[in-house]
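Here the protein sequences come in this chain order: A and B. The opening position of the first sequence corresponds to residue 0 in numbering that gives the first Met the number 0, with each subsequent residue numbered one higher. The opening position of the second sequence corresponds to residue 0 in numbering that gives the first Met the number 0, with each subsequent residue numbered one higher.
Honestly, I wouldn't trust all of these hints.
[Said to hold, decoys possible] Computed cross-link-like contacts, EDC-like style, restricted to lysine to aspartate or glutamate with a CA-CA straight-line distance of at most 20 Å: (1) A:Lys363 x A:Asp302; (2) A:Lys566 x B:Glu141; (3) B:Lys450 x A:Asp79; (4) A:Lys305 x A:Asp167; (5) A:Lys305 x A:Glu358; (6) A:Lys570 x A:Asp560; (7) A:Lys570 x B:Glu141; (8) A:Lys481 x A:Glu402; (9) B:Lys42 x B:Glu452.
[Said to hold, decoys possible] Counterexamples of contact, computed for chain B against chain A with all Cβ distances above 12 Å: (10) Trp15; (11) Ala19; (12) Trp21; (13) Trp23; (14) Lys42; (15) Tyr55; (16) Glu114; (17) Arg135; (18) Leu158; (19) Gln168; (20) Thr188; (21) Glu335.
Note that these hints are calculated values from the structure, not bench results. From the three backbone atoms N, C-alpha and C, an ideal C-beta is built for every residue, glycine too.
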Amino acid sequence: MHTTSLMMTSSLIIIFFLLTYPVFTTLNPRPRDPDWALSQVKTAVKLAFFTSLLPLCLFLNEGAETIITNWTWMNTLTFDINISFKFDHYSIIFTPIALYVTWSILEFASWYMHSDPFMNRFFKYLLIFLIAMIILVTANNMFQLFIGWEGVGIMSFLLIGWWYGRADANTAALQAVLYNRVGDIGLIFAMAWMATNLNSWEMQQMFATAKNQDLTFPLLGLILAATGKSAQFGLHPWLPSAMEGPTPVSALLHSSTMVVAGIFLLVRMSPLLENNQTALTICLCLGALTTLFTATCALTQNDIKKIVAFSTSSQLGLMMVTIGLNQPQLAFLHICTHAFFKAMLFLCSGSIIHSLNDEQDIRKMGGMHHLTPFTSSCLTIGSLALTGTPFLAGFFSKDAIIEALNTSHLNAWALALTLLATSFTAIYSLRVVFFVSMGHPRFNSLSPINENNPAVINPIKRLAWGSIIAGLLITSNMTPLKTPIMTMPPLLKLAALTVTILGLLLALELASLTNKQFKPTPKLTPHHFSNMLGFFPAIIHRALPKLNLTLGQTIASQMVDLTWLEKTGPKALASLNMPLITTTSNSQQGMIKTYLTFFLLTLALATLLFIL
Amino acid sequence: MLKILIPTLMLVPTTWLVPAKWLWPTTLMHSLLIALASLSWLKNLSETGWAFLNPYMATDPLSTPLLVLTCWLLPLMILASQNHTALEPINRQRMYITLLTSLQIFLILAFSATEVIMFYVMFEATLIPTLFLITRWGNQAERLNAGTYFLFYTLAGSLPLLVALLLLQNSTGTLSLLTLQFSNPAQLTTFADKLWWAGCLLAFLVKMPLYGVHLWLPKAHVEAPIAGSMILAAVLLKLGGYGMMRILPMLEPLTKELSYPFIIFALWGVIMTGSICLRQTDLKSLIAYSSVGHMGLVVGGILIQTPWGFTGALILMIAHGLTSSALFCLANTNYERTHSRTMVLARGLQMALPLMATWWFIASLANLALPPLPNLMGELMIITSLFNWSWWTLALTGAGTLITAGYSLYMFLMTQRGPLPAHIIALEPSHSREHLLVALHLLPLLLLVLKPELIWGWTA
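Turn these sequences into a full structure, and let the hints steer you where they fit.
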């Protein structure tokens with residue numbers, strides 16, 4: 000065997016081994032040491048990260064990609080399902096990023112969750128969450144992908160509902176699973192279609208046999224799946240609700256796992272998607288709508304985590320737009336860069352929330368730049384990277400996406416929406432920085448402000464480096480699969496920057512208007528629309544469950560089961576027969592004289608009739 | 000065959016002769032040994048599919064998983080019943096175990112019968128111990144009503160089957176399962192033939208139960224003692240699915256069109272029973288209604304009559320047998336502590352019984368078909384084969400999976416999460432026996448992930 004492929008496959012298997020080892024050791028009934036979380040889990044992820052650099056280097060140097068198939072899991076007639084891992088350029092690049100980000104988050108979590116009695120369990124959940132995501136990313140067939148897909152869904156249920164004594168946390172966890180289940184219907188539909196028409200769930204076979212088929216319907220299923228998982232418009236409300244979980248969970252959920260899974264699915268399936276204009280247009284419009292709607296919602300939120308959450312949703316919309324542009328690689332690039340600064344933004348907000356005694360409302364913050372200089376600097380870096388400031392991580396992906404959007408001949412409506420959303424990014428990012436780190440403190444005195452802990456500084460620092468250089472690193476090493484358009488009018492080239500700066504100026508102007516008391520109250524109708532999330536949860540979360548629960552009670556249970564099936568079935572049978580039975584038994588009560596008289600009378604009557 | 004059947008028969012004298020102190024351990028060990036020995040059936044090298052033949056009994060890939068499940072369930076039932084019968088006089092305890100054993104004997108004979116009539120007789124024979132189990136050993140007065148429903152629904156369904164089978168015997172001259180599928184296909188044209196078709200299936204559809212004739216099931220489940228609920232959910236319902244798979248090849252030309260309303264009814268039932276589950280306040284009733292929903296999928300998979308449909312139905316039957324039985328056991332641990340099946344009265348139990356919460360979580364996940372558990376393999380195969388028949392089924396099956404996830408997690412959140420109410424702080428801690436009981440349900444389920452061919456039936 001060639002050494003490259005040998006090194007490649009063995010190091011990839013080592014990654015899985017390293018990650019699953021701590022999970023399996025927890026089956027031991029002996030209680031774990033209190034520092035198990037750090038010494039085992041964090042070390043495992045760290046080691047796995049360094050191991051994953053080897054295949055990455057091999058890939059960058061030699062372009063080596065590999066598929067590991069080691070076991071035929073099941074086999075019905077002509078349909079077989081294997082355990083098969085696909086390490087193409089997507090998974091080889093994504094795996095180290097996910098591990099790097101998770102490593103930082105785990106280290107941060109050891110500080111954030113240090114007072115939690117079940118910290119070891121928390122780390123175990125995070126680790127399984129990560130493993131599920133890596134299974135999803137490396138899956139080479141639909142079944143395996145589905146395992147990872149549902150795995151992240153269920154782990155998010157556990158993690159969002161971590162503080163299970165709180166009703167809100169449980170509701171949010173249930174919401175996440177149910178919204179994802181709606182998406183799963185799409186995935187199941189696509190899988191059923193593929194099994195029926197392509198007779199395979201293996202990626203290469205599917206791509207090869209799907210050439211001459213009309214793929215619109217299965218692709219719609221996949222888009223529905225991605226809509227659920229990546230919180231696109233219509234199935235988005237679970238994402239902000241998921242903020243009920245601990246902050247490290249939010250950081251992991253929003254950066255490198257779970258929410259990008261939907262986009263990743265479409266990136267994986269791009270060979271099917273690229274020739275279907277209908278599906279692409281739907282992606283484009285759906286993404287544009289999501290990115291604008293969620294950016295609008297982010298504008299007026301006051302909870303720092305909610306703002307960051309909505310910005311994730313908005314960025315996911317942007318990725319969806321990119322899928323719709325038929326630029327899956329750019330979408331993937333945005334997944335990668337987004338992972339760094341989004342994780343960092345969450346860690347920064349976690350640090351601030353803890354420092355201010357679990358205060359999440361940005362109106363009660365302020366002046367943090369003097370009190371937690373490191374965290375608030377990184378918050379600013381993250382926000383700048385998010386808005387696409389030149390040469391930070393976000394710039395390389397976001398600018399490329401908007402350029403690609405500008406130079407394509409697609410939908411102008413989608414273009415307008417996306418550009419507007421881009422300028423909104425600048426507005427809400429500035430709003431976070433303005434309220435949190437600028438101005439004067441508005442919180443209670445005696446807040447336990449202290450960021451001087453290596454478990455806070457180091458992870459944020461690593462992610463900050465990532466947010467600064469990751470974009471450059473990845474773009475300069477990844478070979479574009481599609482020829483990018485290099486020449487365009489300056490206006491188009493600068494469009495992204497222009498709208499961002501315009502947004503920034505507008506936001507500054509608005510802030511100063513508010514501060515100088517020129518306009519103390521906002522326009523209420525649009526404010527409420529944005530603040531109440533477009534009234535979407537208020538309507539959907541009441542109407543649909545109410546409909547179904549009413550159906551369950553009145554129709555399914557009371558009308559059908561208890562009335563039609565029971566009253567007209569067994570009970571009717573009983574009540575119909577009852578008069579007959581009572582009459583018969585009432586007349587037979589041992590009154591022998593009466594019976595004999597009746598007998599005599601009848602006989603006499605009969606004889607009389609006979610004679611006559 | 001006799002290697003299993005005779006030890007099972009001998010379990011009865013064991014029960015009566017063993018000293019009182021050793022009654023439960025001995026019977027448990029004895030039945031576990033039988034269960035262990037029954038695993039040898041899984042190794043089937045026969046080319047025709049039939050193995051372990053004798054003049055009356057045989058196993059094939061379809062019946063083997065169900066037989067093994069039957070043998071596996073008896074020790075679990077014994078394990079589960081130990082606590083609530085502890086206060087009974089010893090002879091009643093012996094009687095109870097004898098009752099459970101007789102059920103296993105009848106079930107083994109039913110699943111391994113090579114004659115349809117013998118299968119029919121055994122199918123009916125299981126009613127008797129089950130009826131005793133419900134009406135004698137249930138707790139509330141409602142149990143008598145439940146017993147009546149159970150008996151009359153099943154009998155009303157299965158008497159036509161007897162007539163239909165006698166007719167079949169008359170026309171083909173044999174009812175042997177080994178040869179029946181090779182007999183000449185009958186010309187089924189008249190209206191009476193269609194009635195005959197319905198007669199052949201009705202008994203099994205009632206037993207499954209199909210939505211519409213399911214009323215007996217929630218009542219029986221709710222009123223039966225734990226062992227009754229377990230065996231009912233795990234094996235007795237599967238008699239219906241097994242019988243349908245056996246009888247369908249003989250009904251060939253008619254089934255294609257005539258089964259449409261039944262498939263639709265079954266799938267509609269998935270949604271309706273799921274919706275009922277969302278509103279349930281009674282824990283056992285919720286699990287019972289979820290069984291109806293899952294069995295609806297099984298009916299759909301069987302009536303569609305494709306290899307994937309059959310395989311999916313068998314996988315789902317086995318997986319659901321283990322899952323719902325585990326859920327009933329868990330519900331019973333709550334019941335034995337709080338003496339109530341009402342969910343709002345026993346909330347936040349994760350705080351009090353943390354390891355039980357883990358079992359609840361795994362069982363709920365299995366119920367909502369999390370990949371890669373066999374439940375998902377079964378559901379996915381059924382959904383795919385139904386989808387292949389008509390795309391519109393996905394609207395029902397898809398909504399069904401959504402609702403299933405909804406009520407499974409509702410059940411989990413309701414019983415395990417949230418604050419612990421003050422009136423149940425002084426709960427008895429969980430016993431090792433209970434943990435063993437649930438583990439013995441869930442471990443086979445998890446291990447089946449690794450080798451699902453074992454429960455794949457004919458397509459393995």
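Quick rundown of the hints versus the structure:
1. Restraint check for lysine 363 of chain A and aspartate 302 of chain A: the C-alpha separation of about 10 Å stays at or below 20 Å, so the hint holds.
2. For the hint linking lysine 566 of chain A to glutamate 141 of chain B, the alpha-carbon distance of about 17 Å falls within 20 Å, and the restraint holds.
3. Restraint check for lysine 450 of chain B and aspartate 79 of chain A: the C-alpha separation of about 13 Å stays at or below 20 Å, so the hint holds.
4. Of the supplied pair hints, the one linking lysine 305 of chain A and aspartate 167 of chain A holds, its CA atoms being roughly 15 Å apart against a limit of 20 Å.
5. Straight-line distance between C-alpha atoms of lysine 305 of chain A and glutamate 358 of chain A comes to about 13 Å, which keeps the hinted pair within the 20 Å bound.
6. In summary, the hint linking lysine 570 of chain A to aspartate 560 of chain A is supported, as the alpha carbons are separated by about 12 Å, within the 20 Å threshold.
7. About 15 Å separates the Cα atoms of lysine 570 of chain A and glutamate 141 of chain B, which keeps this hinted pair within 20 Å; it holds.
8. For a cut-off of 20 Å, the pair hint linking lysine 481 of chain A to glutamate 402 of chain A stands: about 14 Å separates their Cα positions.
9. With a C-alpha separation of about 11 Å, the suggested pair lysine 42 of chain B and glutamate 452 of chain B falls inside the 20 Å cut-off, and the hint holds.
10. Distance check for tryptophan 15 of chain B against chain A: the nearest CB is about 38 Å away, which clears 12 Å, and the non-interface claim stands.
11. Distance to chain A confirms alanine 19 of chain B as a non-interface residue, since its nearest Cβ pair spans about 33 Å, more than 12 Å.
12. Residue-level check passed: tryptophan 21 of chain B sits 29 Å from the nearest beta carbon of chain A, beyond 12 Å.
13. Tryptophan 23 of chain B, annotated as away from the interface, keeps every beta carbon of chain A farther than 12 Å; the closest lies near 25 Å.
14. Listed as a non-interface residue, lysine 42 of chain B keeps its Cβ farther than 12 Å from every Cβ of chain A; the least gap is roughly 18 Å.
15. Non-interface status of tyrosine 55 of chain B relative to chain A is upheld: no Cβ of that chain comes within 12 Å, the nearest being about 31 Å off.
16. Every CB of chain A is more than 12 Å from the CB of glutamate 114 of chain B (nearest about 30 Å), matching its label as outside the interface.
17. Annotated as non-interface, arginine 135 of chain B keeps its C-beta farther than 12 Å from every C-beta of chain A; the closest such distance is 22 Å.
18. At roughly 15 Å, the least C-beta separation between leucine 158 of chain B and chain A is larger than 12 Å, which holds for a residue marked as non-interface.
19. Separation of glutamine 168 of chain B from chain A is adequate, the least Cβ-Cβ distance of about 31 Å exceeding the 12 Å criterion.
20. Non-interface call for threonine 188 of chain B relative to chain A: holds, since the shortest CB-CB distance, roughly 32 Å, exceeds 12 Å.
21. Every beta carbon of chain A lies more than 12 Å from that of glutamate 335 of chain B, the smallest distance being close to 24 Å; the non-interface claim holds.
In this structure, every one of the numbered hints holds.
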